[in-house]
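Visitor: Going line by line, the protein sequences match chains Z and F.
Using numbering that gives the first Met the number 0, you'd call the opening residue of the first sequence number 0 and step up by one each time.
Using numbering that gives the first Met the number 0, you'd call the opening residue of the second sequence number 0 and step up by one each time.
Since the hints were derived computationally from the structure, they do not count as laboratory data.
Backbone N, C-alpha and C fix where the C-beta goes; we use that ideal spot for every residue, glycine too.
Any given hint might turn out to be false.
What the hints assert, rightly or not - Below, in silico cross-link-like pairs of lysine to any residue (SDA-like), each with a Cα-Cα straight-line distance of 25 angstroms or less:
| hint | chain 1 | residue 1 | chain 2 | residue 2 |
| --- | --- | --- | --- | --- |
| 1 | F | K245 | F | P81 |
| 2 | F | K222 | Z | N19 |
| 3 | F | K158 | Z | S48 |
| 4 | F | K158 | Z | D21 |
| 5 | Z | K221 | F | D71 |
Unchecked claim - Partner residues aside, some chain Z positions facing chain F, computed with beta carbon under 8 angstroms:
| hint | residue |
| --- | --- |
| 6 | Q86 |
| 7 | A89 |
| 8 | Y93 |
| 9 | D152 |
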Amino acid sequence: MVEMVNRPYAAAFEKHALANADVLCLSADLTSSCEIDGFRDRHPDRFVSLGMAEQNMMSFAGGLGLAGYRPFLHSFGVFLYRRPYDQLIASVAYPRRKVRLMGFLPGITTPGGMTHQAIEDIAVMRSIPNMTVLETGDATEVESICAAADSIDGPVYCRVLRGGVPRLFDTPIEVGRMRELALGKDVLVVTSGIATEEALRCRAALEGAGVSLRHLHIHTIKPFDRAAFLDHVSAVSKGVVVLENHVIDGGVGSLIAEMMAEAGSGKRLVRLGLRDTFAHGGSRPYLMKHYGLDATALLAGIEELLGEKTGIAEDDLAAARVEAVHSGVKAEAL
Amino acid sequence: MENAKTTAEIADGIRRRVFVHAMRNNGGYLSQACSAAEQLAFLYNEALTLGAPTLPPVPRPFAGVPSADNPDYVTGAGYNGPAAPEFDRLFIAPAHYALVAYAALIETGRMDEAGLEMFNRDGSSVEMIGAEHSPGMEVHNGTLGIGLSTAAGLAFGRKRRGEAGEVCVFMSDGEVQEGQTWEAVQAAAHHRIDNLWALMDVNDQQCDGAMGDVMEVRDLVAKFRSFGAVCVEVDAHDLDALRAAKATPHEGAPLVVLARSSPTKGMAFLQRRFPRLHYVRFKSTEERAEMNTAIAEELGVPPVDLEAEAH
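With the hints as constraints, model all of the structure from the sequences given.
Guide: What follows is the structure, given as C-alpha cells:
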C-alpha cells in the first residue's frame, strides 16, 4: 500500500523559507488553497499578501527580485500565466529574476473546470526564454521542489501537487536528471506528474504479459537531458509512449517528438494526454478516465505501439487510489 | 553630481535636442518633449539623489539580451548612477519617452551627445522604445502599466532592507487606463510603501488622440486618493510647483504627483496637429520647412539645416 503524505508542501516550504532569509512568501488570495496558511500565521513578516491581483503580483515580484529577494508566488497554475502573461514576460522572464512560480492544481487535478485547470501551462512556459520548468509527481518531489526551484539562477515554474500525495520516490529532485524507474527493452514509457502513478499501475500486468518496459519519470521538463533520453530511445525495440496531465500539443510529448525527430531516431511515438480539448469539472479519477489520462489509456497506447493486444483487462491493473470526495486530505477541494 | 545648469535651462535643452533630432530624422516624439521637459529636468537635476554614471558617456552597442550565456549583461541603469542603498532609483514607465529621457541624460552630463546619434540605429542600445539595456533604463516598461508595480516591489524590498534611497516612477497618464496601475496603487497603499513616488505626465494624450475621446479616465486625483495614495496635482511647467509637490508628506502611503502638462508647450506650432500628437511625422516637405522655422524661432535656436542633413 502506497504511503500517503498529507499537505507535504506546507512543511517543506516553511523549512526552506526559514533556512533562506531572502525567500519571501507571496500569495494572491489562495493562501490555504496553496497550503501556506500556517506559514502566514507563524511568519507574518515573511508573508506578502497581494490580493486577487496577479498582474501586479507578477511585476511586484520582479521588483522584489531586483532588490535581491527570491519571491515564491503561490497560486493556481492558471493564474500564474494566463492572466499575467505580459507581466511574466517583461517583469520576470526577460530580466531572469529569481522568481519561483508555484503553480498548484496542474492539469485536471481540480474539479474547478476550465478556469482552474492548467492544461497548456507546460507548452506556454517551455517556450519562454530563460524559464525553467519543473513538475512534481509524488510527495518526495513536493518536499524537495522548493530547494530545487530555489537553486535555479533565473525564473522557475513548478507544477505542485497538494493535499494527499502518494510517496513514490525516496530521493529528492535532482534538477536536470530524469528518474529511471525501469530499464526494459521493448517499450519506453515516459511520464511526468500524476501520470507516473498511472504507469506504475500498469507495470506488473505488462511484465506478466511479457512486455519489457523501460520507464522514465520527468520532473525537469526544461532544461532536458537530451543525450540521456536519446540513449533510452535507442535501448528499446518498439518505440515510445508518453502520458502526461496536459494537452498533447506543446507538452512533454511534443518535447520528446522534437528530440526524436531531430535525432532521426526512426522509432514510433504515441502521445497520450488531452487531445486538443478543454476539460470540464469533475473528480480526478473521473476526469482521468474520461479524457484518457489513466492506466487504462496508457495500456491502450502501449498496445497501439505494439500493434497487438496484451490480453490485459482493466481489472488486472493495480487499483487506482480513490479518496473520498470529502476526505480530510481534500485533494480536490477548491 | 553637481548641477552645472539650472533645471529651467535643462528643460529648454531637452526641447531643443528633441526638436533638432525630429527635424533631422523626419519626425519623432515631439509632444512628449513639450509636456515632460520640466519633469525630467526636475527629476535628474533636483528631485532624485543619484550617483555618478557607472557606464561610459558614449553608449556601448547592444550586447545581447539577458541569458545564462550572457554573464556580462548589464542594464542601462548605470547612467543613473550605481544601485547603492543611499541612492534613488528611477523607472521611465512610458518607454516611448526614451528620446526625451536620453536628451535629459545629455543635458545633465550623464551621456555624451553622440548617444543621440545612435538613436534607433540597428545594433545600437539607444533604442526608440527604451529597453532595459538603453541608457537610463533599468527595466522594460514598453508594455504600459507594469512600471508602478515593479517599482512598488523594489521599494518594498528596499524598505525591508533598510535602504535610504527611494524609488521614483515617471509615468504617463494613458497608463491609468490599464487595470494593473490600480492594482499597484492599492498594493502600495496596503503595504504602506512610502519610499515610492510617481511623477505622472498628465498631457491628456494617447496614441489614438485625446484621452477624452479614446477612453475617459475622469477624476484622477479622486481615484488615486480612493485607492490609498497621497495625490497632488500641479502645473507640469511650473518648477516651483513641482518642488512643492515633491515635498508633500506621504508617510505610510505612496505619493503620486499629477503634472498637468501641455503637449505643445514650447512648440506652439504643434497645435495645428492636435489631437494627433503621439508621434509627429511631416506631411510634406513644405510643412517640414515651415515647422522647422516656426519651432526653432520659439525655442530660440537657428533652424536645422535640412539641406545638409539630406542623405
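Visitor: It remains to establish, for every hint, whether it holds in the given structure.
Guide: Quick rundown of the hints versus the structure:
1. F:K245 with F:P81: holds, 23 angstroms
2. F:K222 with Z:N19: With Cα atoms ~39 angstroms apart, K222 of chain F and N19 of chain Z exceed 25 angstroms; violated.
3. F:K158 with Z:S48: Roughly 17 angstroms between the alpha carbons, so the hint for K158 of chain F and S48 of chain Z holds.
4. F:K158 with Z:D21: Measuring from Cα to Cα gives roughly 14 angstroms; hence the hint holds.
5. Z:K221 with F:D71: holds, 23 angstroms
6. Q86: Hint on Q86 of chain Z: holds, closest Cβ of chain F at ~6 angstroms, below 8 angstroms.
7. A89: Result: holds, 5 angstroms to nearest chain F Cβ.
8. Y93: Holds, because the Cβ-Cβ distance from Y93 of chain Z to chain F comes to roughly 6 angstroms (cut-off 8 angstroms).
9. D152: Hint on D152 of chain Z: holds, closest Cβ of chain F at ~7 angstroms, below 8 angstroms.
Violated hint: 2 only; the structure is consistent with all others.
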